[in-house]
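Please arrange chain D on chain Y, whose structure you already have, making use of the hints.
Protein chains: 2
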Amino acid sequence: MPFTFLQHMADTRSEIAQLGEFGLINKIKHNVSLRNASSLVGIGDDAAVIDAGNDCVLLSTDILLEGIHFDLSYMPLQHLGYKAVAVNVSDIAAMNGTPEQITIGLGLSNRFSVEAVELLYEGIRAACENYNVDLVGGDTTASSSGLVLAISVIGRAKRERISYRNGAKVNDIICVTGDLGGAYMGLQVLVREKKVFIDNPAAQPDLENHEYVVGRQLKPEARMDIIHELADLNIVPTSMIDISDGLASEVLHLSKASNVGIKLFEDKIPIDNNTFDTALEFKLDPIVIAMNGGEDYELLFTINQLDFEKVKNHPDIHFIGHTHENSTQNILISKAGTIVPIQAQGWKHF
Amino acid sequence: MPFTFLQHMADTRSEIAQLGEFGLINKIKHNVSLRNASSLVGIGDDAAVIDAGNDCVLLSTDILLEGIHFDLSYMPLQHLGYKAVAVNVSDIAAMNGTPEQITIGLGLSNRFSVEAVELLYEGIRAACENYNVDLVGGDTTASSSGLVLAISVIGRAKRERISYRNGAKVNDIICVTGDLGGAYMGLQVLVREKKVFIDNPAAQPDLENHEYVVGRQLKPEARMDIIHELADLNIVPTSMIDISDGLASEVLHLSKASNVGIKLFEDKIPIDNNTFDTALEFKLDPIVIAMNGGEDYELLFTINQLDFEKVKNHPDIHFIGHTHENSTQNILISKAGTIVPIQAQGWKHF
Chain Y
84 MPFTFLQHMA DTRSEIAQLG EFGLINKIKH NVSLRNASSL VGIGDDAAVI
134 DAGNDCVLLS TDILLEGIHF DLSYMPLQHL GYKAVAVNVS DIAAMNGTPE
184 QITIGLGLSN RFSVEAVELL YEGIRAACEN YNVDLVGGDT TASSSGLVLA
234 ISVIGRAKRE RISYRNGAKV NDIICVTGDL GGAYMGLQVL VREKKVFIDN
284 PAAQPDLENH EYVVGRQLKP EARMDIIHEL ADLNIVPTSM IDISDGLASE
334 VLHLSKASNV GIKLFEDKIP IDNNTFDTAL EFKLDPIVIA MNGGEDYELL
384 FTINQLDFEK VKNHPDIHFI GHTHENSTQN ILISKAGTIV PIQAQGWKHF
Chain D
84 MPFTFLQHMA DTRSEIAQLG EFGLINKIKH NVSLRNASSL VGIGDDAAVI
134 DAGNDCVLLS TDILLEGIHF DLSYMPLQHL GYKAVAVNVS DIAAMNGTPE
184 QITIGLGLSN RFSVEAVELL YEGIRAACEN YNVDLVGGDT TASSSGLVLA
234 ISVIGRAKRE RISYRNGAKV NDIICVTGDL GGAYMGLQVL VREKKVFIDN
284 PAAQPDLENH EYVVGRQLKP EARMDIIHEL ADLNIVPTSM IDISDGLASE
334 VLHLSKASNV GIKLFEDKIP IDNNTFDTAL EFKLDPIVIA MNGGEDYELL
384 FTINQLDFEK VKNHPDIHFI GHTHENSTQN ILISKAGTIV PIQAQGWKHF
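Residue numbers (my numbering), protein chains in the order written: chain Y, 84 to 433; chain D, 84 to 433.
Certain hints may be false.
[What the hints assert, rightly or not] Below, computed lysine to aspartate or glutamate pairings styled on DMTMM-like, alpha-carbon distance capped at 25 Å:
#1 D:K393 x D:E349
#2 Y:K241 x D:D138
#3 D:K241 x D:E205
#4 Y:K241 x D:D134
#5 D:K241 x Y:D138
#6 Y:K110 x D:E198
#7 Y:K346 x Y:E364
#8 D:K366 x D:D390
#9 D:K112 x Y:E98
#10 D:K346 x D:E294
#11 D:K278 x D:E291
#12 D:K110 x Y:D138
#13 D:K241 x Y:D134
#14 D:K110 x Y:D134
#15 D:K339 x D:D355
#16 Y:K112 x D:D138
#17 D:K302 x D:E378
#18 D:K112 x Y:E198
#19 D:K110 x Y:D350
#20 D:K339 x D:E349
#21 Y:K252 x Y:D350
#22 D:K112 x Y:D138
#23 Y:K110 x D:E294
#24 Y:K110 x D:D134
#25 Y:K110 x D:E98
#26 Y:K112 x D:E205
#27 D:K110 x Y:E201
#28 Y:K112 x D:D390
#29 D:K393 x D:E378
#30 D:K112 x Y:E212
#31 Y:K418 x Y:E408
#32 D:K395 x D:E294
#33 Y:K112 x D:E198
Bear in mind the hints are in silico, worked out from the structure with no lab data behind them.
Pulled out of the complex, with its shape left as it was, chain Y reads as follows (with noise of 0.2 Å):
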C-alpha cells in the first residue's frame, strides 16, 4: 500500500458524542481478550485485578485535562495535584483495596513555571502522605496545549476480600457514605464567581457561606477511612463503586454488572445543609443535584442484611435503598411515594 498523509481519515465517521464514553467503552472492550494467567480482570471496574501470589496488585488510570476537567483560574494548583491522587485512590478505595504506588506523567505548556510544578507536586506529596502512596515514577513532558495529569495508582488486596461491581446480590443493602452533590454545587458557585472575576478582576470571590461545597469540589477526599472501618468490622461490601459520575449513574452500573434491580428512597439519600441551600439559591432542585451531580468520590456499595447490625449506628453510612430481583426496575421512591425511575444524567464530557 503506498504511503500517503493524512490515511487515517477513514471514509465514513460516526461521532463518539453519539455514542458516548460507555458506548465507545463497550467497542474497546469487545476486541479484547485476556492472555496472561496473571491477567484476572480486565477492563470494566474500578480497576484491573492481577494476581500477585498471595495478594492480587489493583491498577487504575485516570487522565485529568486541563478545559475538560479542571479550570486553573479557581483550581490552585496544590489542590489539583492533591485531587488528581485522591480521584485515582478513590478507584482503589472502590475495589475494597489500600493504595501503595503512584506513577505521575505530566504535560507541561510552556507557561508554567518551575515553581507552579513545585506547587502541583506539593498537593501531590501532602496526598501521598495522607493516603501513604509512594510517589514511584512518571514521565514529564512539553504539551503544545494545556496542562495534562495521567495517573497510574497501584494498589493490593486480598483476593476474597476485592469488591467488585457485579457482586450485589437481590435483597442487599445499598449504602452510601459522606453526602452528596456538594462538589457539583460548588463548581456552580466557583463559575459562578469566575464570571464575576472576568467583568471586574478588583472583586474578591463571593465564597460566604459556601465554604462547604467549594471545598468539596477543590479538595475531594478518597474514603479510605470507610475502606479500613469495614476491614476492622469484619465486612466486605458484596459490590462496590465510587461515586464519580452521580449516584444515579453510579447505581446504574452495579445495577447492569449485578444483575439485580435497584431501589433507592429519596428521604435517605445524603445532602449537606450547604449542599441543599446552595442548590436552591441557584434554583436547582437539591435531590437531582445529589442523584446527578458527579465528582464526591464518596463510596456506593451493597452489603448483605447480615452485616447490617455491624454498621448501622456508623455516623457516615447512610443506607439508602435495597436490591431486588427485577433488573430492569431501577427507581427512587419519591418523598411523597411515587416511583420515579432512575436514569444517569451523569457528567457527558463528549
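Just chain D now, kept in the frame of chain Y:
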C-alpha cells in the same frame, strides 16, 4: 487565607526550559520518600519495582501528546497505537522484565470519529498481541486540544534477574542492539515530505529509498526478542536502559547511575546503510545522528566479560565499548583515533 482567583501564579518565575527535563525530574525526586515496604525502587530507572511475593512487579508510564510526540499528518493512527504500546513495553524490556498488562488513557478532541478511535485501537491490539500484553483498563475522555495518550504498563521479573541502570561494573562490555539513528532520519524525511505536501496537496510523498528509516520512525519495536534470548543464554545484563533519547544521553545515564566511565568506539556503532545514506542526503554526519538521534528503542546494556563468549556471535548485538574507572571520562574514540567527549544532545522537548 482568603480565596483568590489565580492564586497559583507565584511571585517568582523560573523557566522549565532552563532546568531541563532531567533537572525537573531531579527536583521532583528530591522531595519524594518511599513509605511502603512493597516499593522496592521508585523514580530514576526505566520502571518502578514493586514487591509481589516471588516476583517483582514493574510499573512504567508514558504520555504521548499530539504536536509534541507525534504529528497525525504523517503518523497513521494504527501505527501510533502500536508505537504507544511498544515504547512502554521497551521500558519493561530495559529492566529485563516481561510485560503483562497495559492501561490506556485517551483524550480525544471532537475531530476524532469513532472510526479513528477504532484505527488507533487496531494498532494497540496488534502490539498487545505481538508482545503478549493484556489491555486491562484505562480512561477515555474528551480533550479540548489534541490527542492525548497515557499508557501505563505492568511487567514482571524475578528479583535477581532485574537489570538496573546502576549495576555496571568497571571493565564491563557495552552492548547495543540493532542499529541507531534510523528513527531520527525517518522523522527528517517525513517532515520534508510534509512540507512538500503542504505546498502541493496533490503531490505524492517520495519515500523511495527511505522505507527503512521511515519504518523505524513509524513502527519501532521493543526488543523483547533480545530479552528472551538473554534469558535463554542465562545472561543478566549488569545494567540496562532503552535508547529513547539517543545513545549519548543514555550512556551518560548509565555512567552516572553506575559511577563508571564509558568508552565507545565510533567504528563499532551500528548504523544501517539506509540511515547512513539518508544522513548524507540531509548533509548530516551519520555518527552524530547515531549518537544523538532518539526513538530507536534499541537496548543499551552492559555485560560481564565472562558472558561475552555466550553472545559474541549474536547477529544483532553489537559490542561498542567498555566501562572504565573514571566516571567523569565518557568518551568516543573516533575512526581517526581522536578522543571525543560524549555529550548529551538528546531530544529536548522543553
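Check your understanding: If you check each hint against the structure, which ones fail?
Key -> Of the numbered hints, 3, 7, 8, 9, 10, 12, 14, 15, 16, 19, 22, 23, 24, 25, 28, 29 and 32 do not hold.
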